[in-house]
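The whole structure should be built from the sequences, with the hints applied where relevant.
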Amino acid sequence: MAKPPRSPEALIEQFGPRLSFTPPGGWQNEATHPADKLVKTHCCFCGQQCGIQLKVRENMIIGFEPWEDFPFNRGMLCPKGVKRYMQSSHPDRLMQPLMRSEQGFRPARWDEALDFTAKRIREIQAQYGKDAVAVYGGASLSTEKSYLLGKFARLAIGTRHIDYNGRLCMVSAGTAYKLAFGIDRSTIPWSDIPKTQTLFVIGANIGECAPITTDYIWRCRDNRGRLIVADPRMTPITRNADLYLPVRPGTDLALLMGMLHVIVRDKLEDREFIRNYTTGWDEVAASVQSYDLSTAANITGVPPDAIEKAAHWMAKCDRAIAMHARGLEHQSKGVENCLGVINIMLALGKVGREGCGPTMITGQGNGQGGREHGQKCDQLPGQRSLTDPAARRYIADVWGIAESELPQPGYTAQEIMNAIHAGEIKALFSICFNPLVSLPDANFTRQALSRLEFLGVVDFFMSETARHADVVLAGSLHEEEEGLGCSAEGRVIHWVPSITPPGQARRDSEIIVELAHRLGRGEEFPFRSPRDILEELRVASKGGVADYYGITYERVDQQKGVFWPCPSLEHPGTPRLFEDRKFYTDDGKAHFQVTTWRPSGDPVDQDYPIYLTTGRVISQYLSGTQTRRIGALLEQYPEPRVEIHPRVAAQYGIQDGDYVAVGTRRDEIVLRAMVVRTIRPDTVFIPYHWAGVRSANRLTHRTLDPRSKIPEYKVSACRIRKVAAPDPGPDDRDARRNGTGTR
Amino acid sequence: MFGYEFYIDPSRCIGCRACLQACEECETHRGKSMINFDFLDRPSTINTVAMVCMHCDEPTCAEVCPADAIKKGEDGVVHSSLKPRCIACNNCVLACPFGIPKMMQDEQQMMKCDMCYDRTSIGRRPMCATVCPSQALAYIPPEEAAKRPTKPIQVFRFGNQIITTKVAMMIPEAFDSVSIDVADYMWEGNGSHDS
Chain A
1 MAKPPRSPEA LIEQFGPRLS FTPPGGWQNE ATHPADKLVK THCCFCGQQC GIQLKVRENM
61 IIGFEPWEDF PFNRGMLCPK GVKRYMQSSH PDRLMQPLMR SEQGFRPARW DEALDFTAKR
121 IREIQAQYGK DAVAVYGGAS LSTEKSYLLG KFARLAIGTR HIDYNGRLCM VSAGTAYKLA
181 FGIDRSTIPW SDIPKTQTLF VIGANIGECA PITTDYIWRC RDNRGRLIVA DPRMTPITRN
241 ADLYLPVRPG TDLALLMGML HVIVRDKLED REFIRNYTTG WDEVAASVQS YDLSTAANIT
301 GVPPDAIEKA AHWMAKCDRA IAMHARGLEH QSKGVENCLG VINIMLALGK VGREGCGPTM
361 ITGQGNGQGG REHGQKCDQL PGQRSLTDPA ARRYIADVWG IAESELPQPG YTAQEIMNAI
421 HAGEIKALFS ICFNPLVSLP DANFTRQALS RLEFLGVVDF FMSETARHAD VVLAGSLHEE
481 EEGLGCSAEG RVIHWVPSIT PPGQARRDSE IIVELAHRLG RGEEFPFRSP RDILEELRVA
541 SKGGVADYYG ITYERVDQQK GVFWPCPSLE HPGTPRLFED RKFYTDDGKA HFQVTTWRPS
601 GDPVDQDYPI YLTTGRVISQ YLSGTQTRRI GALLEQYPEP RVEIHPRVAA QYGIQDGDYV
661 AVGTRRDEIV LRAMVVRTIR PDTVFIPYHW AGVRSANRLT HRTLDPRSKI PEYKVSACRI
721 RKVAAPDPGP DDRDARRNGT GTR
Chain B
1 MFGYEFYIDP SRCIGCRACL QACEECETHR GKSMINFDFL DRPSTINTVA MVCMHCDEPT
61 CAEVCPADAI KKGEDGVVHS SLKPRCIACN NCVLACPFGI PKMMQDEQQM MKCDMCYDRT
121 SIGRRPMCAT VCPSQALAYI PPEEAAKRPT KPIQVFRFGN QIITTKVAMM IPEAFDSVSI
181 DVADYMWEGN GSHDS
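Top to bottom, those sequences are chains A and B. Position 342, counted from 1, in the first sequence is what our numbering calls 342; the numbers after and before it change by one each time, with no gaps. Position 51, counted from 1, in the second sequence is what our numbering calls 51; the numbers after and before it change by one each time, with no gaps.
Please note: incorrect hints may appear among the correct ones.
Below, simulated DSSO-like cross-link-like pairs (lysine-lysine); rule was C-alpha separation at most 30 Å, straight line [to be verified]:
no., chain 1, residue 1, chain 2, residue 2
1, B, K147, A, K316
2, A, K267, A, K309
3, B, K166, B, K71
4, A, K40, B, K32
5, B, K32, B, K102
6, B, K151, A, K309
7, B, K166, A, K316
8, A, K130, A, K3
9, B, K151, A, K195
10, B, K83, B, K71
11, A, K560, A, K37
12, A, K195, B, K147
13, A, K309, B, K147
14, A, K37, B, K32
15, A, K560, B, K147
16, A, K582, A, K316
Covered stretches of chain A (in silico footprint by chain B; criterion: 3 or more residues with CB under 8 Å from a CB of chain B, positions within the stretch not fixed) [what the hints assert, rightly or not]:
no., segment
17, 27 to 34
18, 74 to 83
19, 134 to 144
20, 233 to 240
21, 525 to 533
22, 675 to 682
Everything labelled a hint here was simulated from the structure, so no lab data went into it. Being a predicted model, the structure only gives us computed values, none of them experimental. The C-beta atom is built at its ideal place from N, Cα and C for all residues, glycine as well.
See below:
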């Protein structure tokens, strides 16, 4: 049973998180030991994929320099980018494989660890069937690795259950864009943002989660563009909003349908565009009929005239863009929410031309590239469908196997954890995923993990999930392996390796290929480098929607990024989609989709009267495995606090800094209050990057969107009460004692 | 950098602190950030401001220095105190109307933003303005700054002290200068007292 072999305290003592405060050799070291080289590559934290130059000396990353020639960010970086280099040469870095023993984790030889992993996978499959083993991937993996992992799961392991942590991130948007447009990508390059006249940002904390996009928005305002922000919180970009819509958590769809109602009522739709390039308008127009302003206002808590003004501003201009992110997508109607945005943009004919379009803001490092080439449960490379017979035949040919050998679609990420909990799945091989922190209902996840008969983890740090593992394979950081990434814009970029993995740690792709060989499928995994994988990926994606055939490392370097689809080496790439008004659907038209309002899966009531919404802070990334180890970032926002409006705080006798127990139908956690007027009084907010007793995901629930299967992180029902300061738990230890250096 | 000027535009600041983190990565003072950053009043607002040295034409810090340790270059950049001269008396720290100089206790020396002299003197942009994701700190040609909906001011009134600066603060278009003293906004007659 996959339970941590030692106490959390002991494991933290051994593996961290410890805080790294200084570069290798200390702050002054560079003066006497300057860098040997500057490597132009990218930040590993978030889907913006900013260009950055890493300073390298003797196979260590000792600092950074802005990369001002990279067109997306032109040298700009957020604090995570600035301190990105501190994850390297970290005292917590796993340097060799580890295997669990009675006494704790013991170092193992690679052969032993890999042989054991392969043996356990095959034993469990022999006993319980092929699909008793599941694979978890992640959207911070390079595109090559995510391609490799999809092939590895289906061919080498032979399971249908592979999914990835992008299931917690981009799938609502992806599902909606595929339904409407037949393609899962931002419809615009970011250079369109400053050119638009009305910019509508809904459910996107851009200042903190996509910081560089702020500059694009401010430049839009410099050009006298108008900014509308819809969010339950005044996020940092709201400071310059021309119109702020304080939408109640989970009610975005009603806001969007209310806006479309106004467009229909006032006959503001673009009839010619609708007639020539779309299907399904009449049904959608009819479906918003009952969403008049007072209905929409009552559901959303946004004033009727503000909803009307937003609709008018979007309609009564030549160019408008609507941007959305997890706020909209992390709901049990996440797909419908995105469709609500798309319906508005299609109705207005603001698609497929400069300064126009709906767009999603991809969150994870390779959130775009990682969801294109087959690590999703229902997907084959090139954004092909695993259920499409032609796609199956094509990929089976590329892989040199019989089509019948390709499994059918398996479970999504949360469904895999549910099946582990239910005993249906017995083994898990996980890379680039920390489900114990990032999946909802963390106590359920912990229970599920402890029921596994085998857990194999590839990671560079001992994540909270890896503590449950039978085998931890020491993998590689972003800067240690070559690969492609794809940014939020759809720009394919080149992660140039700066250093090699330290100690006995290995490149992730090498580990997976080694395992494939041990599982008896070495013939299909002849790869000796990421370049070999890319060559196969190019062919596998050829003719698919996400066509990478024309993309090589050299072209990406030369063009500073290539926008896919890029079907040939001569093709320039496709920064803006649909310029020819042709969509990637069967009939070439954009498809309006009817949306239906329904309440959240965890409704507020008398016992749980307050909405809980969760999200990110600028100084942390995802489950914090990397960023909770970087001292400067942790100091910036040291612990999760619960944001509460003063009106509610007064009602409960809570003052800023008081300890507050936040309870939901799952669990209760205690955090300090941050009393601010920048959140709706009926809502509290907690960032989710922390583990253990302060993990926001102990509170969230496992309701999924029926189509995208994304969890509803943005809407839970909770109650709060003031409490005394708790005893510090194991996660509250002052990790700094063991860290490197001082401030 | 020829033709480039430094602008601070608090209306663009998103409070990310990339400037603060990047400043301490500068080679001449690695590990020490010279940026001053604050939430204005977090309970009520998300507004934040990041400040670099304003590089005054007549620097108060230099004027009050008893050791003549603070020098302004011909290019208008006001430097950290000269280590051999600085007596760590804190006069500059107390006197600067913008609150910029920092006393480094370990070194017993005042250090401050020198507009990344090591970078700007060789044609590069200052670190903070290079990384700033919102370009609230911007090192740009004046023509570019003129396109913004805010306007630059370089005159500040602190009571009877009028300070002109090299660095510009971007403020709403309706204002010409910034004063924090109510008296500066009052009509006190034309000087003759008819009672």
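Results of checking the hints against the structure:
| no. | hint | in the structure |
| --- | --- | --- |
| 1 | B:K147 - A:K316 | 24 Å, holds |
| 2 | A:K267 - A:K309 | 15 Å, holds |
| 3 | B:K166 - B:K71 | 15 Å, holds |
| 4 | A:K40 - B:K32 | 25 Å, holds |
| 5 | B:K32 - B:K102 | 10 Å, holds |
| 6 | B:K151 - A:K309 | 29 Å, holds |
| 7 | B:K166 - A:K316 | 43 Å, violated |
| 8 | A:K130 - A:K3 | 23 Å, holds |
| 9 | B:K151 - A:K195 | 22 Å, holds |
| 10 | B:K83 - B:K71 | 12 Å, holds |
| 11 | A:K560 - A:K37 | 20 Å, holds |
| 12 | A:K195 - B:K147 | 14 Å, holds |
| 13 | A:K309 - B:K147 | 27 Å, holds |
| 14 | A:K37 - B:K32 | 24 Å, holds |
| 15 | A:K560 - B:K147 | 28 Å, holds |
| 16 | A:K582 - A:K316 | 25 Å, holds |
| 17 | 27 to 34 | holds (count 4) |
| 18 | 74 to 83 | holds (count 8) |
| 19 | 134 to 144 | violated (count 0) |
| 20 | 233 to 240 | holds (count 7) |
| 21 | 525 to 533 | violated (count 0) |
| 22 | 675 to 682 | holds (count 4) |
Consistency note: the structure conflicts with the earlier hints numbered 7, 19 and 21.
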